[in-house]
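Student: These are the residues of each chain, in order.
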Amino acid sequence: MKQLVTPAIILSRTDYGEADRILTMLTPEYGKVTLIAKGVRRIKSKLAGGIELFSVSEITFIKGRGGVGTLVSTRLTKHYSRVVGELDRTMLGYDIIKRLHKATEDEPEPAYFQLLQQAFEALDNTQIPLEIIKVWFFTQLLQLGGHTPNLRLDSQGRPLASDQRYEFSFDSMAFTTSPDYGHFNASHIKLLRLCFGGNTPHVLSRIESSEELASQLLPLVQSLQTRN
Amino acid sequence: MQYTGATHSEEALRLLASVAEQLKFPLTSILRKAELGTLTGDLSLVDANAIQMHANAALTLVDSYLLGLQLLSSQQSLPLEPVSVSSLLVDVAHELQAMAKQYDMKLELHIGGKYEPVMAHRAGLRAALVSLGYALVESYPHAGGHIRLAVHRTPHGIVTGVYGDYQQINAAQWRTALDLKGKAAQPFTALTGNAGAGLFVAEAILQAMETRLRVSKYQKQKGLATTLQPSQQLHFV
Amino acid sequence: MANVLFIEPDKGLGGTYVQAFEHAGHTVHMAATAEEAIMTVDEQRPDVVVMELQLPGHNGVAFLHEFRSYNDWSDIPVIINTYITPAKMDQARAALKTDLGVTVIMYKPRTTLQRLISTVNEQVRA
Numbered sequence: 121m122k123q124l125v126t127p128a129i130i131l132s133r134t135d136y137g138e139a140d141r142i143l144t145m146l147t148p149e150y151g152k153v154t155l156i157a158k159g160v161r162r163i164k165s166k167l168a169g170g171i172e173l174f175s176v177s178e179i180t181f182i183k184g185r186g187g188v189g190t191l192v193s194t195r196l197t198k199h200y201s202r203v204v205g206e207l208d209r210t211m212l213g214y215d216i217i218k219r220l221h222k223a224t225e226d227e228p229e230p231a232y233f234q235l236l237q238q239a240f241e242a243l244d245n246t247q248i249p250l251e252i253i254k255v256w257f258f259t260q261l262l263q264l265g266g267h268t269p270n271l272r273l274d275s276q277g278r279p280l281a282s283d284q285r286y287e288f289s290f291d292s293m294a295f296t297t298s299p300d301y302g303h304f305n306a307s308h309i310k311l312l313r314l315c316f317g318g319n320t321p322h323v324l325s326r327i328e329s330s331e332e333l334a335s336q337l338l339p340l341v342q343s344l345q346t347r348n
Numbered sequence: 687m688q689y690t691g692a693t694h695s696e697e698a699l700r701l702l703a704s705v706a707e708q709l710k711f712p713l714t715s716i717l718r719k720a721e722l723g724t725l726t727g728d729l730s731l732v733d734a735n736a737i738q739m740h741a742n743a744a745l746t747l748v749d750s751y752l753l754g755l756q757l758l759s760s761q762q763s764l765p766l767e768p769v770s771v772s773s774l775l776v777d778v779a780h781e782l783q784a785m786a787k788q789y790d791m792k793l794e795l796h797i798g799g800k801y802e803p804v805m806a807h808r809a810g811l812r813a814a815l816v817s818l819g820y821a822l823v824e825s826y827p828h829a830g831g832h833i834r835l836a837v838h839r840t841p842h843g844i845v846t847g848v849y850g851d852y853q854q855i856n857a858a859q860w861r862t863a864l865d866l867k868g869k870a871a872q873p874f875t876a877l878t879g880n881a882g883a884g885l886f887v888a889e890a891i892l893q894a895m896e897t898r899l900r901v902s903k904y905q906k907q908k909g910l911a912t913t914l915q916p917s918q919q920l921h922f923v
Numbered sequence: 009m010a011n012v013l014f015i016e017p018d019k020g021l022g023g024t025y026v027q028a029f030e031h032a033g034h035t036v037h038m039a040a041t042a043e044e045a046i047m048t049v050d051e052q053r054p055d056v057v058v059m060e061l062q063l064p065g066h067n068g069v070a071f072l073h074e075f076r077s078y079n080d081w082s083d084i085p086v087i088i089n090t091y092i093t094p095a096k097m098d099q100a101r102a103a104l105k106t107d108l109g110v111t112v113i114m115y116k117p118r119t120t121l122q123r124l125i126s127t128v129n130e131q132v133r134a
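Chains as they are written, first to last, in our numbering: chain A, 121 to 348; chain B, 687 to 923; chain C, 9 to 134.
Hints listed in this document are in silico derivations from the structure and should not be mistaken for laboratory results.
Mimicking DSSO-like on lysine-lysine, the simulated pairs with C-alpha atoms at most 27 Å apart in a straight line are:
id, chain 1, residue 1, chain 2, residue 2
1, B, K710, C, K105
2, B, K710, B, K867
3, C, K19, B, K710
4, A, K222, A, K198
5, A, K222, C, K105
6, B, K867, B, K903
7, A, K218, C, K96
8, B, K903, B, K792
9, B, K869, B, K710
10, B, K710, C, K96
11, B, K800, B, K906
12, B, K800, B, K908
13, A, K218, C, K105
14, B, K710, B, K787
15, A, K198, A, K158
16, A, K122, A, K158
17, A, K222, A, K158
To be clear about the criterion: a stretch of chain C counts as covered by chain A if any three or more of its residues have a C-beta under 8 Å from a C-beta of chain A, and this derived list gives those stretches:
id, region
18, 64 to 77
19, 88 to 99
We put the CB at the ideal spot given by N, CA and C, even for glycine.
This is chain A alone, in the form it adopts within the complex (with noise of 0.2 Å):
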């Protein structure tokens, strides 16, 4: 049988029988692929070697009958070190994998894998504030789903201005005038234009007022994300 070798990202693992465990893998050409890793049960050390969280392994496998697989090996290529030193690092990581593992129940796309890589870059990167990362995941899920809100246009079709304050209907996923009460504003909308156009954390943490704005915007498109 063919051996396929891929970059993976590990989503979950569980056990399956007396000495093998089941493990979930993102990968860029495959997408999700379920695969048993046989034998590995306790005997190796669990927290090490190619099969670890936050880590991006090469992995060889078989494909199944059934839609498991085999894992043949795996070789640890990089491992996201930082995000296991700070609790709210480790919390968000562990976040962002479970929201990718839904995201990918039934089509998985392979833009996923460079998603979750690019968010352990991030979060290995300490410089970069979380609700930074929040705001920026958060709108590339939305994206890959297909659920962009109107960044040009407000909900009566005119251009967004620069003077106006703005609130967010979800019912035309645009934003409204709202001048007394609005929250959001030019710098808001500027910042998720970068976010849904395709900048890395990296880059946006760079922008003036960057997290202030970030955890201004978080509620809002955790709504999105929710409803969507």
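Start from chain A and add chains B and C according to the hints.
Tutor: Chains B and C only, in chain A's frame:
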């Protein structure tokens, strides 16, 4: 030491925060070892209480300092909530009891009346009052005596603080002390012979809540207190 | 009388916990790292785990994710006794309890031996 672009003062602050975090370890070990001594009978209760009181006071200072740092750095998004100053003072008094007893002092609680809740960071306000309380108990000018945790109303707002026989302190000395903190080993000699860190930590926490410590008088006693504004929107049912 | 696993990197403090819990009639095993803890759980299935989150190498959260991925350990109660302040734990608290089966979270500097022993006793009885 290599500087990575941060200023000297930022580096010093980070170093101090690191030291403060580290201090929790030996202090916790001391506390648990003293307690173990009472469980096994190797240490008398009197000695254990004294050791634990001092270690707890030091731990409180460290925790309050770290909380103050956190609050000052997150000032723009400080989570505020309605706080009953009266019930907070009861909690603070409970914490200070052991120390007051060690110093053979009587700790009194003066809550004259009902007060509207104030919008504050509850944990921060508690830490500030505990830190202030510890510092003033330690600094009491003579053995024994009365120290008061009080809340009272003035035209400026709801005032809460710690009062005692500190007749020699005044506002000018306190202002000078704030200027000397960290520079002089004894910045506030009118009150204390030590560095007064507990006072300055309390002040820093209160600053994050946009208030200050001031020298204050209450019922013929002097002390340090802060003025809080009652919330206009909230009332206890 | 219970089999208690402590995951505690501070040897001095760990020694104090061992003495206190043995004095209270429990059997105690110590692990200083997440890897050591997994191996110890494998060899001596504990009735309860008391753990610090701030560990060298893999942190306590990494341990918990690995630990909870084994079906036969899923019902072992876990008490977190940590130097991380309650304020910093706020955001992680719900996820630790819901996703990782943590039953109690305690702030180590303020948790007396007596309180820790009685909390362990409650968890073992439950």
